[in-house]
Amino acid sequence: MAHFTRLAVLIGLCTVMNAKAQSNMKRTDLLQANLQERVISSVKVIEVEFEAGQKGPYHRHPCPVVGYIVEGTCLMQVEGEPARILKAGEAFYEPAHTPIVHFDNYSDSKPMKFIAYYLLHGKEELIELLPDKEK
Numbered sequence: 003m004a005h006f007t008r009l010a011v012l013i014g015l016c017t018v019m020n021a022k023a024q025s026n027m028k029r030t031d032l033l034q035a036n037l038q039e040r041v042i043s044s045v046k047v048i049e050v051e052f053e054a055g056q057k058g059p060y061h062r063h064p065c066p067v068v069g070y071i072v073e074g075t076c077l078m079q080v081e082g083e084p085a086r087i088l089k090a091g092e093a094f095y096e097p098a099h100t101p102i103v104h105f106d107n108y109s110d111s112k113p114m115k116f117i118a119y120y121l122l123h124g125k126e127e128l129i130e131l132l133p134d135k136e137k
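According to the working numbering, the sequence shown is numbered sequentially starting from 3.
Among the clues, some could well be false.
What follows is a set of in silico ranges between Cβ atoms, one per label pair, in the way DEER data are often shown [unchecked claim]:
1) 111 to 40: 34 to 44 Å
2) 98 to 133: 31 to 41 Å
3) 134 to 110: 35 to 45 Å
4) 26 to 98: 30 to 40 Å
5) 87 to 131: 41 to 51 Å
6) 112 to 38: 28 to 38 Å
7) 111 to 135: 18 to 28 Å
8) 33 to 110: 24 to 34 Å
9) 85 to 130: 18 to 28 Å
10) 43 to 134: 13 to 23 Å
Bear in mind the hints are in silico, worked out from the structure with no lab data behind them. Think of the CB as a built atom: it goes at the ideal place given N, C-alpha and C, for glycine as much as any other residue.
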């Protein structure tokens, strides 16, 4: 019975400590993306750096891609949607099989760095370059 009492006290103490730790946390929503029904068997995480003024190619992905800008600014445009400027700390979503018109370093003088999470199923290529389109 003494072991049970000690265990109960330990569990209670851990619960109180966990609640206290969580009360000191700050959480900020960055992105919520609707992925539809999709099987995801792996995630590949890549850090990408663009030089000042570097433009991304017209492309699409076979899988959804989510990520965030680590440093710099990005001009992003998913086909059919308005272009937007993303700053460091902001998140993005690129839907599967949808052309990306712009994913460019918006600055002509500073580099841009972002982290991309590719939500894969099986063996898929990460990117498909599309024939040039007038941007």
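task = Of all the hints given earlier, name the ones this structure violates by number, lowest first.
result = 2, 3, 5, 10
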